[in-house]
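S.K.: Please construct the entire structure, taking both the sequences and the accompanying hints into account.
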Amino acid sequence: MYLEIYAELTKLVFDRELTLEPPRNPDGSVKPVADGILGGPHTLDGFLDMAKAAGVTRKYEPITWESDRVRADYGHLNLDVVVEDTLVRMVGSTPNPASWLGIVDVPDGQYRLEHGLLATEDDGEPSPQPTTVALPAVNGFEQRLKDITLKQQDRQRIEAELKLFQAQIGQRVTVKPVTYHNPKTRQDEPAAQVFLEGKSEPLCWVSREHLSAVTRELPGILVSNGKYSLTAICTMPEQGAHS
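Count the sequence shown with my numbering and you get residues 521 to 763, in order.
Please note: incorrect hints may appear among the correct ones.
The list that follows gives simulated cross-link-like pairs (lysine-lysine, BS3-like), each with its CA atoms no further than 30 Å apart [what the hints assert, rightly or not]:
(1) 579 to 551
(2) 683 to 696
(3) 671 to 531
(4) 551 to 671
(5) 531 to 551
Since the hints were derived computationally from the structure, they do not count as laboratory data.
M.R.: Okay, structure coming up:
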């Protein structure tokens, strides 16, 4: 889930800035890209959880250097080192006082010293990653706009609605199972509606083919899904969880 959302946010941020003439400040300088959302605390928390689950994170421990001279000579280098009784020396060096680089409180073993920090394997348990489902969110725009009998003013109105609909990309939503009374068959049918966070009126519907995944309320976020629809990427409840 985090990967899809972070990739979508990155695409949205930079696609918006890709113009033939970049926006400029009053003094003529080019405005920087407004990419603060990519480094926000909640965004980064999710990104770090994703990286940890993929096994590509490490922990670093600072070492106490033997002297300022040793720090100046080795602090900017990447080195393979050995730690013995908290004492740090380069791999292949003789274990004597002249070879010690500093001290660090980690178990004995071989490590990598990267720019003055000792890289240790991330021995924490990976964060459990939620199961997610992608639910196409539709509102009948494609069928309405392809109606050959559509009047021009109606087309313009629907296109304005579609533009507003597409502007909801990145918004948090809740998908709720509901009952829909079909006026054609006069029968009640299962359905699912998508609600923007804090709104009491639905934004759109989940496509009929994906209704079986909505057995309870699901939190999610909207991402793009072509010209006429969106996708709600939702977190599925853990097995055995109760609302």
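S.K.: Could you run down the list of hints and mark each one as holding or not?
M.R.: Each hint, compared with the structure:
1. 579 to 551: violated, 36 Å
2. 683 to 696: holds, 24 Å
3. 671 to 531: Violated: residue 671 and residue 531 sit about 35 Å apart, past 30 Å.
4. 551 to 671: Measuring from Cα to Cα gives roughly 41 Å; hence the hint is violated.
5. 531 to 551: holds, 18 Å
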